[in-house]
Amino acid sequence: GNSVTQMEGPVTLSEEAFLTINCTYTATGYPSLFWYVQYPGEGLQLLLKATKADDKGSNKGFEATYRKETTSFHLEKGSVQVSDSAVYFCALLNNRAGTALIFGKGTTLSVSS
Amino acid sequence: EAGVAQSPRYKIIEKRQSVAFWCNPISGHATLYWYQQILGQGPKLLIQFQNNGVVDDSQLPKDRFSAERLKGVDSTLKIQPAKLEDSAVYLCASSSSQGNTEAFFGQGTRLTVV
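Going down the list, the protein sequences come from chains U and Z.
In this text, residue positions in the first sequence follow my numbering: the first is 1, and each later residue adds one.
In this text, residue positions in the second sequence follow my numbering: the first is 1, and each later residue adds one.
Rather than coming from a laboratory, the hints here were simulated on the basis of the structure.
C-beta atoms are modelled at their ideal positions from N, C-alpha and C, and glycine is treated no differently.
A couple of the hints might just be wrong.
What the hints assert, rightly or not - In the DSS-like style, the derived pairs of lysine-lysine whose C-alpha atoms are separated by at most 25 Å in a straight line are:
#1 K49(U) to K68(U)
#2 K83(Z) to K62(Z)
#3 K105(U) to K68(U)
#4 K49(U) to K60(U)
#5 K44(Z) to K52(U)
#6 K52(U) to K77(U)
#7 K105(U) to K71(Z)
#8 K56(U) to K68(U)
#9 K105(U) to K60(U)
#10 K77(U) to K60(U)
#11 K83(Z) to K105(U)
#12 K11(Z) to K60(U)
#13 K49(U) to K44(Z)
#14 K105(U) to K49(U)
#15 K71(Z) to K15(Z)
As the list claims (entries may be wrong) - For the chain U half of the interface with chain Z, some residues (derived, Cβ under 8 Å), not all of them:
#16 P40
#17 E42
#18 G43
#19 L44
#20 L46
#21 R67
#22 F89
#23 A100
#24 F103
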């Protein structure tokens, strides 16, 4: 079946530190991959996505590359800010009609100044 | 563009009581999803609608949960009777079509069953 595995949190960093949140997936076929972010008190928001192998999604300084050979989609940011503190969810969508997003458990990021 | 609207934001009920949640998706979005997010876990799909038809309800506990999307717009999710383990955030999301690469989420309803 389809599933997503994320690194356990919480991740605690100082401002301007480098961030990596690992995500691996299991899927039939070639899914699309996503990172969603949930800021305190807000709903889930799409952060970035990649729809095929070797695609790189990027937004707000975050990047993730779709690696088919390692079935991974790790989230990175070169210099985190306090405002990046949130819960990050990796997700996949099997590209067939009638399917819905499958999420990982989420990783909490806390950035201090 | 208005986002996905959900109400109420918070609800506290006693076990064995019933509760209903409402969702208004983004205008024109044909696909609507209800997810359950238990504390410390990722969202889990409960049911997916395409217009007013059910596409996937394989993970919906049908003995106590029900959902409908009359007229293919608003949707309601009901739990009757509630159990302690139903305490979670219930998220509604919509997308313009099935398999569309972006789903938009509401802020969710936080349910506490005591």
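Hints versus structure:
| no. | hint | verdict |
| --- | --- | --- |
| 1 | K49(U) to K68(U) | holds, 14 Å |
| 2 | K83(Z) to K62(Z) | holds, 14 Å |
| 3 | K105(U) to K68(U) | holds, 21 Å |
| 4 | K49(U) to K60(U) | holds, 13 Å |
| 5 | K44(Z) to K52(U) | holds, 24 Å |
| 6 | K52(U) to K77(U) | holds, 21 Å |
| 7 | K105(U) to K71(Z) | violated, 34 Å |
| 8 | K56(U) to K68(U) | holds, 12 Å |
| 9 | K105(U) to K60(U) | holds, 22 Å |
| 10 | K77(U) to K60(U) | holds, 9 Å |
| 11 | K83(Z) to K105(U) | holds, 22 Å |
| 12 | K11(Z) to K60(U) | violated, 34 Å |
| 13 | K49(U) to K44(Z) | holds, 19 Å |
| 14 | K105(U) to K49(U) | holds, 18 Å |
| 15 | K71(Z) to K15(Z) | violated, 31 Å |
| 16 | P40 | violated, 12 Å |
| 17 | E42 | holds, 7 Å |
| 18 | G43 | holds, 4 Å |
| 19 | L44 | holds, 4 Å |
| 20 | L46 | holds, 6 Å |
| 21 | R67 | violated, 18 Å |
| 22 | F89 | holds, 6 Å |
| 23 | A100 | holds, 5 Å |
| 24 | F103 | holds, 3 Å |
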